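Sequences are here, hints too, so could you generate the full structure?
Number of protein chains: 4
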Amino acid sequence: MAHAGQSCMQLACKLPCYRCFQPLYQAEGDPMLSFVNDYSEGAHPAILDALARTNLVQEPGYGEDAFCASARKKIRAACADPTADVYFLAGGTQTNQVVIDTLLAPYEGVVACESGHVNVHEAGAIEYTGHKVLALPQHEGKLNASELEEYLATFYADENHEHMVFPGLVYISHPTEYGTLYSLAELEAIRAACDAYNLKLFLDGARLGYGLVTPGTDVSLADVARLTDVFYIGGTKVGALIGEAVVFPRHGMPAHFATMVKQHGAMLAKGRLLGIQFDVLFTDGLYTRIAKNAIECAEVLRAALVEKGYRFLVENPTNQVLVVLENSRYQELSQKVAMSYWERVDADHTAVRFATSWATRMEDVQALIELL
Amino acid sequence: MAHAGQSCMQLACKLPCYRCFQPLYQAEGDPMLSFVNDYSEGAHPAILDALARTNLVQEPGYGEDAFCASARKKIRAACADPTADVYFLAGGTQTNQVVIDTLLAPYEGVVACESGHVNVHEAGAIEYTGHKVLALPQHEGKLNASELEEYLATFYADENHEHMVFPGLVYISHPTEYGTLYSLAELEAIRAACDAYNLKLFLDGARLGYGLVTPGTDVSLADVARLTDVFYIGGTKVGALIGEAVVFPRHGMPAHFATMVKQHGAMLAKGRLLGIQFDVLFTDGLYTRIAKNAIECAEVLRAALVEKGYRFLVENPTNQVLVVLENSRYQELSQKVAMSYWERVDADHTAVRFATSWATRMEDVQALIELL
Amino acid sequence: MAHAGQSCMQLACKLPCYRCFQPLYQAEGDPMLSFVNDYSEGAHPAILDALARTNLVQEPGYGEDAFCASARKKIRAACADPTADVYFLAGGTQTNQVVIDTLLAPYEGVVACESGHVNVHEAGAIEYTGHKVLALPQHEGKLNASELEEYLATFYADENHEHMVFPGLVYISHPTEYGTLYSLAELEAIRAACDAYNLKLFLDGARLGYGLVTPGTDVSLADVARLTDVFYIGGTKVGALIGEAVVFPRHGMPAHFATMVKQHGAMLAKGRLLGIQFDVLFTDGLYTRIAKNAIECAEVLRAALVEKGYRFLVENPTNQVLVVLENSRYQELSQKVAMSYWERVDADHTAVRFATSWATRMEDVQALIELL
Amino acid sequence: MAHAGQSCMQLACKLPCYRCFQPLYQAEGDPMLSFVNDYSEGAHPAILDALARTNLVQEPGYGEDAFCASARKKIRAACADPTADVYFLAGGTQTNQVVIDTLLAPYEGVVACESGHVNVHEAGAIEYTGHKVLALPQHEGKLNASELEEYLATFYADENHEHMVFPGLVYISHPTEYGTLYSLAELEAIRAACDAYNLKLFLDGARLGYGLVTPGTDVSLADVARLTDVFYIGGTKVGALIGEAVVFPRHGMPAHFATMVKQHGAMLAKGRLLGIQFDVLFTDGLYTRIAKNAIECAEVLRAALVEKGYRFLVENPTNQVLVVLENSRYQELSQKVAMSYWERVDADHTAVRFATSWATRMEDVQALIELL
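Protein chains in written order, with the working numbering: chain A, 2 to 373; chain B, 2 to 373; chain C, 2 to 373; chain D, 2 to 373.
Calculated from the structure, these hints are not laboratory results.
Just so we're clear, the structure is a prediction, and the values are computed from it rather than from any experiment.
Heads up, the beta-carbon is just placed ideally off N, CA and C, and yes, glycines get one too.
Chain D is faced by these chain C residues, among others (derived, beta-carbon under 8 angstroms):
id, residue
1, TYR40
2, SER41
3, ALA44
4, LEU57
5, GLU60
6, PRO61
7, GLY62
8, ALA126
9, TYR129
10, GLN264
11, MET268
Covered stretches of chain C (chain D as the covering partner; in silico rule of three or more C-beta atoms under 8 angstroms from a C-beta of chain D):
id, segment
12, 85-95
13, 112-125
14, 234-244
Capping the alpha-carbon separation at 25 angstroms, the derived lysine to any residue pairs in SDA-like fashion look like this:
id, chain 1, residue 1, chain 2, residue 2
15, A, LYS337, D, ASN161
16, C, LYS74, C, ARG227
17, A, LYS293, A, MET363
18, D, LYS337, C, GLY62
19, D, LYS201, D, PRO138
20, D, LYS201, B, ALA106
21, C, LYS337, C, ASN38
22, B, LYS201, D, PHE258
What follows is the structure in structure tokens.
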């Protein structure tokens with residue numbers, strides 16, 4: 002455990018470490034290792050520090066503040082698109098809902114693979130806004146460009162398609178819900194299919210930071226900005242308290258977007274809370290620097306699992322490690338480490354997820370490995 | 002200006018003061034006095050301190066954390082209703098939207114006075130969910146119980162009312178949008194009208210803290226809990242970064258409320274952010290203690306305005322001072338002090354608002370008075 | 002009563018009369034005079050005849066049939082706009098809902114006077130689609146162009162209007178819900194206000210036929226087509242079984258309108274039912290010819306009421322006669338004649354409506370006059 | 002061709018035949034055989050006759066008329082449920098939309114097999130109302146009870162199901178979109194699965210009449226009423242001009258259903274149009290009598306196709322004959338007979354549909370067989 006005055010964790014952020022503060026809230030019983038998700042902690046200390054340092058600066062509300070303006074500028078630079086519109090929202094489901102609803106025409110739906118977050122784990126937030134999720138098969142969480150193209154060709158060939166929901170937008174996540182990543186070639190193929198049928202492309206980047214720093218990926222933030230019509234840079238799961246930065250490359254933000262955000266109940270009075278956080282995350286590359294910690298921890302864990310003969314539900318290179326456990330092993334392990342139930346595999350096996358994050362300590366990974 | 006090591010502002014919160022931190026962001030030009038609103042700053046320092054101290058405690062997401070549990074318990078106690086359900090949401094419009102939509106049947110609308118926030122300044126967030134706002138006249142921002150009763154009697158007497166929107170819920174704000182307060186007798190009369198026609202009562206408490214500590218009010222938090230079916234305790238405008246605590250007295254939360262919150266895009270992954278803040282605000286009465294600062298500042302300002310012969314648009318006892326200015330005076334003053342445009346009064350006069358808050362410094366009030 | 006082989010009623014329609022058919026359904030007790038509304042009967046006999054004569058012609062569904070095509074052509078001619086798009090829907094509320102929802106942007110609402118049908122008697126059908134009805138005062142059922150302009154000027158002058166519902170479309174009815182008519186000058190003034198602020202104009206013509214043939218009106222069908230962006234020619238209340246012809250002058254129908262109609266559940270498989278009826282109504286001016294009967298009957302009734310000293314709730318020249326009755330007189334009269342309760346005037350008086358229609362028999366009007 | 006004075010078609014309806022009326026509208030070129038669908042003609046002559054005979058009877062609007070009352074009574078008797086609530090709507094998509102939206106809680110979706118009409122051919126009308134269609138696999142158009150039960154078990158076993166759309170209602174069609182029929186045992190198994198998880202069951206009976214008279218079926222109208230929570234008896238495709246009779250067995254109609262119908266824009270002012278038609282269809286068993294014609298015609302056609310060696314896309318016993326044609330054969334045949342494009346089978350083959358109906362003439366079936 003780091004101590005006051007030391008730099009925080011393995012990151013050279015040169016800020017005082019908050020870890021050694023005496024918690025106000027003492028967990029009951031012995032502390033349990035937790036790999037439940039990547040949003041179990043608060044925020045990166047640099048964010049808390051900035052909140053404190055700016056606290057009594059008076060600024061306008063609703064995202065009109067100087068912090069948001071500064072953060073937008075830095076994000077545009079990071080995306081290599083000086084013409085990008087940037088808007089800050091609070092959470093992932095909210096972002097998916099607002100973006101999809103405001104980009105679709107009323108008669109259009111959003112194409113997603115069946116495992117897409119919008120299709121399964123958002124309580125129907127898309128349908129709530131009146132739009133159908135047009136589900137295509139998933140391949141380790143990914144949408145296949147050929148299948149997309151075939152679906153679109155079939156749709157327009159159908160003489161009755163005026164009685165059907167028009168595909169208006171393609172939704173993909175990167176990393177996907179299974180932690181996998183698209184290659185640049187795959188993204189370009191999806192973009193080409195969208196172009197061929199005049200669809201927009203939306204990339205859900207709730208965990209984008211982790212994807213960008215995964216060894217072997219050939220997809221950069223600039224690539225994402227170049228190939229999509231809209232995407233978001235996830236903050237909640239990559240070190241912020243809350244917040245997602247929605248980027249509309251090439252001045253692509255819909256007219257009166259702010260009014261529609263307000264109409265969805267998604268506008269924060271204190272927009273500064275989002276602006277300050279993204280300003281910090283996009284200063285000196287903090288966003289990607291802290292993301293690396295998650296990948297490094299996951300790599301160590303994954304190597305150990307391979308060595309011990311565990312089977313993965315899906316192999317992926319990012320911060321979500323999906324492992325198949327015997328039910329008895331799962332029960333036993335649950336006494337000592339918190340993880341996520343993922344799905345039932347068969348009568349005797351359960352898939353679980355170990356998630357690492359910007360805040361994961363390598364010593365906890367080692368402790369987990371010993372337990373396995 | 003307070004200095005490091007001093008206690009913060011006039012409140013005996015015994016926490017280090019953040020005001021003297023060197024701001025990261027320097028406003029351009031000379032600093033301007035600002036009375037634009039009550040959410041121009043960040044949060045009360047005690048909140049920032051708690052966020053820092055709890056930062057690396059690992060907790061479950063979605064409001065299932067220990068901080069939310071602790072805050073709920075304290076709020077129940079403050080409301081004198083051990084059976085109250087409490088749910089934390091991010092902002093006011095979101096709260097109004099989610100609460101109204103989930104409490105109304107599909108064929109019902111919400112009754113509000115015409116100046117109600119839901120009727121004018123939420124970009125149609127209520128209608129977006131499919132419900133009509135049934136507007137009644139406003140009297141200094143307040144709904145009149147007799148007019149409400151007459152409207153309800155007329156509705157049910159109309160033989161065609163099956164072709165009309167049924168009134169299902171009454172919306173009031175306390176303090177109102179004009180800063181006025183209901184008396185206990187007025188609230189009881191509205192409650193009685195609701196009971197007579199089987200309507201629910203919802204109180205928007207975006208600025209509830211300020212209302213509760215206003216000298217002369219006879220409405221307590223326990224009264225609000227006793228007389229309403231749902232209300233919220235505003236955090237955003239009373240010292241929190243973001244957050245509103247929705248209270249459903251007497252176990253009144255609708256079934257599957259969390260799922261519907263998710264469906265509205267209103268669920269935060271890091272619910273702890275809301276729990277920690279309300280836990281702090283409801284520890285040792287911080288919420289009402291910091292609210293008093295706003296009222297004291299407003300009283301001083303109001304007395305000076307009276308003395309100088311200014312005319313109020315509406316007289317009210319809370320933290321929003323609504324003054325009628327000659328247009329030339331308004332232009333002149335705008336060079337030196339930030340205030341809110343309220344409405345056009347006539348060709349030569351404009352109504353403006355000076356808002357005080359938990360963070361207002363009395364020295365700034367004095368500076369404003371000198372300018373007036 | 003006319004007899005088989007005679008021409009029908011006072012109209013030279015040269016079709017066999019159906020009135021003398023022995024009804025399958027015998028009303029209980031003595032037949033009561035009925036002036037309840039203008040949709041108490043089935044359809045003009047010429048329509049029934051055409052349905053019979055075309056019954057076994059096989060045609061495509063969904064409005065792609067030859068009858069709809071023929072009717073569209075005749076309506077375009079009647080509107081003096083060869084570029085008008087015409088679409089047939091089943092009923093008035095449905096038409097208002099579909100038209101308003103498909104013409105508005107998501108952040109826009111519809112401006113209507115407070116007595117507008119969309120604002121009071123459609124069970125919230127507009128709000129159900131997510132749009133607010135922005136209510137302005139009514140003057141004998143009419144919207145005032147100056148008040149409209151002032152509202153629009155105030156809206157855009159308000160610095161916070163991005164947090165408000167944008168006015169996107171103006172809704173007026175002609176005749177209005179009170180049976181009054183706009184003059185051409187009034188319509189032109191409303192059009193000018195719409196143009197000044199870039200709003201669309203929608204005219205609800207549920208009773209348009211009656212308005213067009215009222216002596217003294219200076220508004221023609223071509224004027225309506227010239228001055229509005231969309232309007233509908235009411236069939237249900239002017240001799241059709243069901244059906245409203247929506248006209249979008251100058252090729253103004255939104256893209257993919259048919260898909261959106263389907264999405265609203267408003268598309269009929271047997272679109273021919275609507276096409277045949279409007280084809281008949283717009284052959285040889287049947288639509289306006291049959292409307293005249295209602296106006297003539299109303300004029301006779303109105304003259305008698307004046308003579309007998311009755312007071313009108315609102316004076317109007319069309320087919321809805323709105324009279325104030327003493328409550329005791331109302332009770333007494335209700336035993337012998339069916340009319341519509343309109344509204345409570347005071348403790349002793351009630352306003353009622355006598356509606357005449359294409360099917361009203363002058364002998365029944367005379368019988369009513371004797372009762373009065 | 003039948004002649005005036007003869008009884009109509011092969012049915013002993015004893016009404017004058019309308020077929021020999023000189024059509025007002027002459028199709029261009031030689032008349033083409035049409036098997037495009039089962040709603041290509043108007044209505045059964047007995048319906049037109051009743052419309053004519055009742056035309057000038059004055060009745061209240063909105064379904065409050067004597068015809069609707071009479072029809073409701075007859076339908077209750079036919080369903081062997083004297084407690085059933087019956088409501089008449091205009092069309093199939095509208096009925097699906099209104100029924101599903103009013104029966105579901107806001108957080109619920111409707112379970113349907115992937116080929117269900119609500120899932121593919123209603124332009125997103127269900128999602129438009131805010132509800133997700135939860136699609137399960139289809140087996141010749143049918144939902145499998147075991148798969149349904151497994152889906153429900155899995156849903157409730159998932160620890161995250163509060164973040165997912167709750168299944169609230171099961172939608173099935175009978176006959177299905179592929180013309181297949183459920184057996185009584187299959188319906189009972191689906192009912193049991195619904196009961197086990199507290200779901201409602203809705204049966205789309207757009208073509209119910211055809212299903213009820215198919216030789217070999219063991220499902221009666223009383224069975225449907227006994228096993229479902231709501232279903233509808235299709236009129237549009239079985240001899241009516243328009244209209245579907247929604248049946249809520251055991252007083253199951255939701256409170257304020259009429260207001261919600263109005264809110265959906267689905268209430269007809271002249272409800273009598275629906276009442277008269279269903280009163281006729283449910284007098285002396287006309288509904289099932291006329292349905293038999295379709296089945297008899299389809300059987301003859303099917304036998305001929307088998308004999309000639311054609312392959313069916315799906316084998317079914319009702320009025321939709323789904324045949325796989327070589328593309329060249331399809332092109333050639335299209336010159337002489339109208340049919341429905343169904344789907345692309347492979348590069349060389351297309352599936353088409355020949356639909357028979359209450360109005361199909363056996364001589365036309367014979368002509369089609371000769372062409373094949």
